[in-house]
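2 protein chains.
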Amino acid sequence: MEHQENLTAYVAAFVAELVNTGVRDVVISPGSRSTPIAMVMAEHPDLRVHIHIDERSAAFFALGIAKSLRKPVAVLCTSGTAAANYYPAIIEAYYSRVPLIVLTADRPHELRDAGAPQAIDQIHLFGKHVKWFVEMAPPEKTDEMIRYARSVCARAAAIALRSPSGPVHLNFPFREPLVPNIGKEDLFDLNVRPDGYVSVETGKLALSEEKYEELAGILSRSDKGIIVCGPLDDEFFAENITKLASALNFPILADPLSQLRSGKHSKDFIIDAYDTFLRNSDCKKALKPDIIIRFGAMPVSKALSNFIKENIDIPQFVIDGGAGWRDPAAAAYMIHCNETEFCKSIAKYVEKKNQHPFLDKWLEINDLTKTKLSKINETEELSEGKLIYQLSDLIPDGATLFVGNSMPIRDLDTFFHVTDKSIRIMANRGANGIDGIISTAIGAASVLQPLYLIVGDLTFFHDLNGLLAVKLYNINIKILLVNNNGGGIFSFLPQASEPKNFELLFGTPIDLNFEHAVRMYNGKFDKITSWDQFKSSFLKNMDNCGLSVMEISTARDRNVLEHRELWNYVSREISNKLNGVS
Amino acid sequence: MEHQENLTAYVAAFVAELVNTGVRDVVISPGSRSTPIAMVMAEHPDLRVHIHIDERSAAFFALGIAKSLRKPVAVLCTSGTAAANYYPAIIEAYYSRVPLIVLTADRPHELRDAGAPQAIDQIHLFGKHVKWFVEMAPPEKTDEMIRYARSVCARAAAIALRSPSGPVHLNFPFREPLVPNIGKEDLFDLNVRPDGYVSVETGKLALSEEKYEELAGILSRSDKGIIVCGPLDDEFFAENITKLASALNFPILADPLSQLRSGKHSKDFIIDAYDTFLRNSDCKKALKPDIIIRFGAMPVSKALSNFIKENIDIPQFVIDGGAGWRDPAAAAYMIHCNETEFCKSIAKYVEKKNQHPFLDKWLEINDLTKTKLSKINETEELSEGKLIYQLSDLIPDGATLFVGNSMPIRDLDTFFHVTDKSIRIMANRGANGIDGIISTAIGAASVLQPLYLIVGDLTFFHDLNGLLAVKLYNINIKILLVNNNGGGIFSFLPQASEPKNFELLFGTPIDLNFEHAVRMYNGKFDKITSWDQFKSSFLKNMDNCGLSVMEISTARDRNVLEHRELWNYVSREISNKLNGVS
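Same order as they appear, the protein sequences are chains A and B.
The first sequence: position 355 = 354 (numbering that gives the first Met the number 0), numbered continuously.
The second sequence: position 126 = 125 (numbering that gives the first Met the number 0), numbered continuously.
Don't read these hints as lab results, they were simulated from the structure.
Computed Cβ-Cβ distance ranges for the label pairs, DEER-style:
#1 K526(B) <-> P176(A): 34 to 42 Å
#2 V580(A) <-> M0(B): 32 to 40 Å
#3 T370(A) <-> N512(B): 44 to 52 Å
#4 M0(B) <-> E363(A): 39 to 47 Å
#5 E564(B) <-> P176(A): 18 to 26 Å
#6 M0(B) <-> D222(A): 40 to 48 Å
#7 G321(A) <-> A136(B): 29 to 37 Å
Ideal Cβ placement from N, Cα and C applies to all residues, glycine included.
Kindly generate the complete structure, drawing on both the sequences and the hints.
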């Protein structure tokens, strides 16, 4: 009984403290060794327990919730390879700066590295991809060890959250018997400091006023500055970067994940077609900046990355509140400072100029590009590019749009332009994998509604298991499945110039009729064959509950041709304009 | 061009050497960064290239091939989380001692930890779960670097294979452009030592003759010795352990994965019902040994593990040619020596006794237990226990039986008894996960035919994606899907005594109609409703190509009752026998 009392008190204190730190969601995968924490969590009135059988999907599901809430979510699994299945989501969380609290149960010390069943070496299991690892002490209910459990818990949540946010990993050794005493009425009563054992206040990185003033001076003296905003998720950023841009008369090159292309803030300075016009060398010459300020992660656009790299002769500043080093071009001066505070502080010292020819040139080319790009809407065939236009028309204000990697995020970058609707755009751009996208989107959909997901067929296949959550929890999600039967992005790469083995190694058609899978998860499946049908299907599904999948079949070879012809056409038009040919 | 020449020569030398080491199978997941190796591998006439989209399934598929062939298989993927998906299979390979050569492509040094897309920290990505990690040098075609590439490759294969076998990880930094020059006619021509740059001869662990003689003396003096054989995969072991047992008059407690319950060797000393009768304390008293010799990994049976732990007062020897420490009871003297050589060498020094009452008692109780256990065959309802009897009757000689973890392997332990058929029994018992079972079995089925897989519904669900390989490569596999709609094993554990939240946390019904998934992969699906139908379905499917799934639906609560009643009944019968009640 003493064992059970130790176990129960220690775990209950930990779980109570977890709730104190603000955690409300936990994703549990069934297992035996994790029984003490799972059973105690299920007792807590303020925790939402989500069950997911496949730990890989479970961790991505948790990631989706954490991204949406911008606060830590816990995952729990048993010992052995269960935990190893978390690895892809943990790495994604690490690089995309999403707070996760990873709890793994482990065999006690005497059963480790001794051939005991389901025992693997879980110490530092996730290597350098967690911000903090703790091998927890075996459960005890002394005051000291209760304080320890609560204190580690509070620290874990604070570390996960503080900038740059990321995953932490706590490993719990549990001895049998594993069943705690959940019958206790005062299970979660905490003797001391019931509202939180340790509080952690973490400031934001800020520069001195002198430094802000100095930087504002440098920026003010530039006539040809540009702002580049990559993926960034700070709800106060849009308003403040817009004000700074307005003060400086700098255009803002806004990645779709910067959250700047949609929303209620001013879009007057937003450049959203650069991925197309920065492919044109005349254009790159005409728009050459004398200074670049960057925020957020590296943008999706390769044309923009190249542009940044080609301009290493000018000063480039990277502002990063997470004190990272997001600069593959090795070109930047690093400014480790909270992004929103930076905008506010710099704006104070900037004097607005009346003339802004450089900005105007950017805006003019951006407008021209968008006008010409919209030619794709004339196509009657199903097209991956036109789909983004259609989607951006139809998607309701306030919706969340989750975007798969490889082609969908690139097409979004090219074809999704500014809108006054508020559309939160999400993707997994930490490591850019095609894994776990379904689960991350479903996790997000459990918080944000309505939610639309656009993915290719390989991405859809990779995380089919993720759909289980929709069925178990009646989560609403609308999936636009762009099925080009294989890896569409490779057709855009140099690999495509070697036809021998191309389909084997890169095209990789899998010829699956996904309708079967969608039916298994009780979903609705619409095979789209025309734009009219797409529109009516989209509108019909708008108020659906559960899973709706609209499959748009396209052809990889036609798709690459369509993109290239369009880019070439727009490029010619831009060159004509720049060279004065009407 | 110099870049492409460096890349091509370096990678081609590596791949040519890989084939020299005996590798014939490589499992590739599509990606861009891995292009140089993938394209060169596809050119090699002696390599079988298998494509698998989901890297988690890909690595388990490779594991299945490697287990079956007992030689290294290579896996290849691109940079980023793709590689992290390998982690569960790598851990399983590490603990189950299966040779894998893990090849990951990576960004070059200048794009690491600098925000470049799809770049994660791949150095020591798999931590302590690989035997060797090498960060490869960037490609160069100098003689020295070609020798380096070949030498590392040869070492990697040798390290993966040498006892204890396991995974190794080589990480390749590749710069763009990534397409090699595969048009070269002499792509795989090696200037020096064309049949293998480095040869590695690794001996087996062997004791001195004096030590063998001393140990033989100790064993010979025992009247009540037993041999325990856990999971072990050495094709010469069965014959030699049987001879040793016969010399010593020791019973052999043979785990189903010891490969001793079936085959052409003598079964006279095999005890195969211990998992049932060692639950009985009268029996454990009557059968108390004075010495234990163990081979292989820890057996599946918890009753046997307990029996080992309860006998720490007697000498226990663990023979391990992989020099591990497989002894969670902390009870054993370790003998690090090749198992087959040990049997041969000891047998030479043993003098056979004519009296063997202790052995006879074991055999008698074993026989009684099996007679009584077979009562389960009287049940007309579908039953997980009876299924094993039926399967063992119907399975053709020469087949391979792959067994899922949790309940199937335990039921096999209880109900699969000696047979003269040669049935190779396989399972993933390194870390005992429910992940990757489908893919491992399909990998095995690509080598060994016919192959039967028996799994529960959660295991089937966890690796549904693995079924893609069956469709892409027309691999034949027959799956017995025991669908009790959730985690059947938990009903046997103390967790089941707390009904509140039991179904939520442990029962976890997922209510999927798997027929949809089977159809998606072009499989045949039979829903079994009676034993007659099971038999006819089994016989009808015997010569099927591709995927055949027979679903046997059972009830978790009825199943646990059936097992308990049977064990109690047999236990009473044994006690009656031991106490002289007829």
